[in-house]
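Engineer: For reference, the chains in residue letters:
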Amino acid sequence: MQLRVDKVGLSYGGRQVLSEVSFGLEPGEHALLLGPSGSGKSSLLNIVCGLQTPDSGTVTLGEQAMSGQADALRKRHMGIIFQTLRLVSALTVRANLLLAQKLQIGSTDEKLVDQTLDRLGIAHRAKARPFELSQGEAQRAAIARAVAVKPDILIADEPTSALDHANTQSVARLLIESAHEVGASLLIATHDDRLKDHFARTIVLKDGTLAQGPVAA
Amino acid sequence: MISLALAYLRDRPLTTALNVLLLAIAVAMLVLLLQFGNQANDRFERDARGVDLVVGAKGSPLQLILSSVFHVDQPTGNIPLSSLDLLRRDPAVGRAVPLALGDNFDGYRIVGTDDSFAKLYDARIATGRTFDAPLEAVLGAKIASDTEATLGQKFVGNHGFAEEEGAEQGHDHAPFETVGILEPTGTVVDRLILTSYETVWDVHGIEHDHGEEHGEHKHEHDEDEDHSVQDTSQTGAPAILQASGDGLEPELTALLVTYRNAAGAIRIPAMVNRQTQLQSAIPATETARLLELMGASLDGIRIFAWLLAVTGGLAIFVALLNMARSREGDLALLRVMGASRIQVCATVIMEGVITAALGAIIGWLAAHTLITLARSNFPALADMGLQAWQLMPAEAGLILAVLAIGALAALIPAVRVYNIDPARTLARA
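Residue numbers (this note's numbering), protein chains in the order written: chain A, 1 to 217; chain B, 1 to 429.
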């Protein structure tokens with residue numbers, strides 16, 4: 001499913017956070033949204049996910065504009081991985097995946113859940129609660145939650161910020177493999193340029209504008 | 001969402017348990033009050049049905065009602081036999097039922113009366129026949145089932161009203177014979193042993209005229225242990241009691257009066273109270289007074305129980321408000337995953353309602369279990385006819401009220417959750 005961001009602008013209290021940002025993501029395409037802290041990455045991701053409304057510009061998913069139907073489009077088409085809010089604290093890892101399926105696709109698929117946990121190497125932690133997981137395990141579980149809903153677009157915000165080099169590379173590979181396996185597009189927002197090597201395309205954001213326009217690595 | 005609400009409740013077991021406990025105690029107290037209050041009231045109404053006035057010896061009117069209608073207290077004294085004729089002759093009196101009390105068998109009261117008593121309570125013979133000759137007795141349904149009594153069986157009454165009270169004053173000289181068993185009536189009659197009032201005099205060695213009901217003989221009784229009893233099982237005839245009732249006149253304990261018309265209600269009590277030895281007591285008035293006396297202390301307990309329920313609600317409120325603060329991230333994540341504001345809000349309301357429901361169910365079960373235990377440990381309660389698992393519509397109302405407390409307690413935290421902005425929460429996280 002194609003994602004189009006067209007001339008998106010956003011300001012907070014007179015400060016321009018995003019200005020005329022435009023880019024597209026083709027079905028199955030993987031891209032890195034790279035920028036330093038404060039560059040507007042998280043605001044842009046919130047707008048892409050429909051959690052925030054831009055002051056100007058539009059976001060389109062397939063043929064449908066996010067405006068006015070953001071919740072429904074996000075629910076049906078997106079799997080989102082956040083930097084810190086990964087799982088519902090009161091539920092086990094497995095229950096988190098089942099809940100995500102129930103909320104996003106309306107039914108549960110236990111087989112898919114088990115397969116996803118297995119593929120991401122955390123099947124042995126299926127009954128663990130989030131606070132019992134290591135950083136790496138928690139990130140894998142969050143990826144599993146996002147993938148288990150069979151999204152058209154997988155979006156991750158700073159997925160490797162708290163990880164060491166080995167885990168960073170591992171998580172990047174897992175995200176790419178997972179997106180590939182479910183046939184989803186992948187958009188990762190990060191300040192960590194160690195991930196650049198994994199992506200054919202990098203979108204660089206600086207001070208709320210695309211630094212060089214969409215670039216291919 | 002229900003399973004999520006349950007998961008959150010399990011996530012903080014101590015807080016949940018405390019809140020459930022508070023509500024359970026409150027509900028248990030309220031159910032106990034409801035059960036005791038309603039069952040006592042029902043019992044009073046059932047047992048006093050058809051009795052407009054009780055005539056007895058001067059003393060406490062409440063005591064007279066308790067002893068003569070509900071059979072739970074000592075009588076105020078005796079009244080002359082002539083009072084029965086006095087009342088029965090009065091055109092405003094529809095029915096005057098004589099009562100001669102004083103003995104028990106195994107804790108069950110033996111009531112000396114005539115066939116008008118069974119008519120008053122619409123008590124019908126299930127097996128056998130009604131009492132006719134001296135020392136013949138008819139058992140109430142509950143006594144028959146409790147003692148597994150059969151027709152022809154004999155038993156000895158003891159002096160007094162409690163099982164232990166007259167254990168050493170058994171009327172061995174005058175064993176009763178069971179000639180009939182009554183159908184269950186749901187009234188005090190089920191727990192009474194009926195015999196003729198002349199038999200009560202006979203057992204106590206009181207001289208009287210047998211001419212009217214028991215043949216044309218008159219005899220005297222001894223009050224000492226020198227009673228001789230002719231075994232009726234061998235002779236097939238009523239025992240002839242050899243006793244002398246020196247100085248003792250045949251008397252009655254009380255009369256249960258039903259008016260023939262409304263005029264009786266005005267004239268009869270005044271007429272009775274003018275007699276130096278008699279007093280009248282109106283069951284409806286005395287029962288209302290008793291309930292009022294009980295009500296004052298019950299109201300105090302009821303207010304305390306409701307305060308406890310409100311405290312439980314406040315505890316739920318505080319727990320959910322803290323939860324709403326500490327779980328903002330979780331709830332924002334749920335919103336991102338597609339949960340609507342209403343769904344997230346409903347999760348919080350459900351936590352409040354589930355806590356309240358657990359408290360209500362546990363409290364309700366505890367109350368009825370306590371009544372069961374009380375019934376088996378305190379025979380007086382069983383004798384009062386207290387039922388352990390008699391369900392009342394008001395209990396459903398009570399449980400609904402407690403659920404409403406749970407929902408209300410969750411309302412403000414739920415509104416707070418409703419207003420969570422996922423983007424802002426995610427930005428803060």
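Incorrect hints may appear among the rest.
[As the list claims (entries may be wrong)] Straight line, CA to CA, 25 Å or less: simulated SDA-like cross-link-like pairs of lysine to any residue:
| # | chain 1 | residue 1 | chain 2 | residue 2 |
| --- | --- | --- | --- | --- |
| 1 | A | Lys127 | B | Thr15 |
| 2 | A | Lys127 | B | Arg12 |
| 3 | A | Lys111 | A | Gly28 |
| 4 | A | Lys196 | B | Met1 |
| 5 | A | Lys75 | B | Thr15 |
| 6 | A | Lys75 | B | Arg12 |
For the record, the hints were derived by calculation from the structure and aren't laboratory data.
Engineer: If a hint holds in the structure, say so; if it doesn't, say that too.
Structural biologist: Outcome of the hint check:
Distance hint between Lys127 (chain A) and Thr15 (chain B) is fulfilled; the C-alpha atoms sit about 23 Å from each other, no more than 25 Å. Note on Lys127 (chain A) and Arg12 (chain B): the hinted pairing holds, with a Cα-Cα distance of about 18 Å set against a maximum of 25 Å. Between the alpha carbons of Lys111 (chain A) and Gly28 (chain A) the distance comes to roughly 24 Å, so the proposed pair stays at or under 25 Å and holds. Note on Lys196 (chain A) and Met1 (chain B): the hinted pairing is violated, with a Cα-Cα distance of about 40 Å set against a maximum of 25 Å.
A hinted pair counts as satisfied when its Cα atoms are at most 25 Å apart, and Lys75 (chain A) with Thr15 (chain B) does not qualify at roughly 34 Å. Between the alpha carbons of Lys75 (chain A) and Arg12 (chain B) the distance comes to roughly 30 Å, so the proposed pair goes past 25 Å and is violated.
Hint compliance for this structure: hints 4, 5, 6 are not met, and every other hint is.
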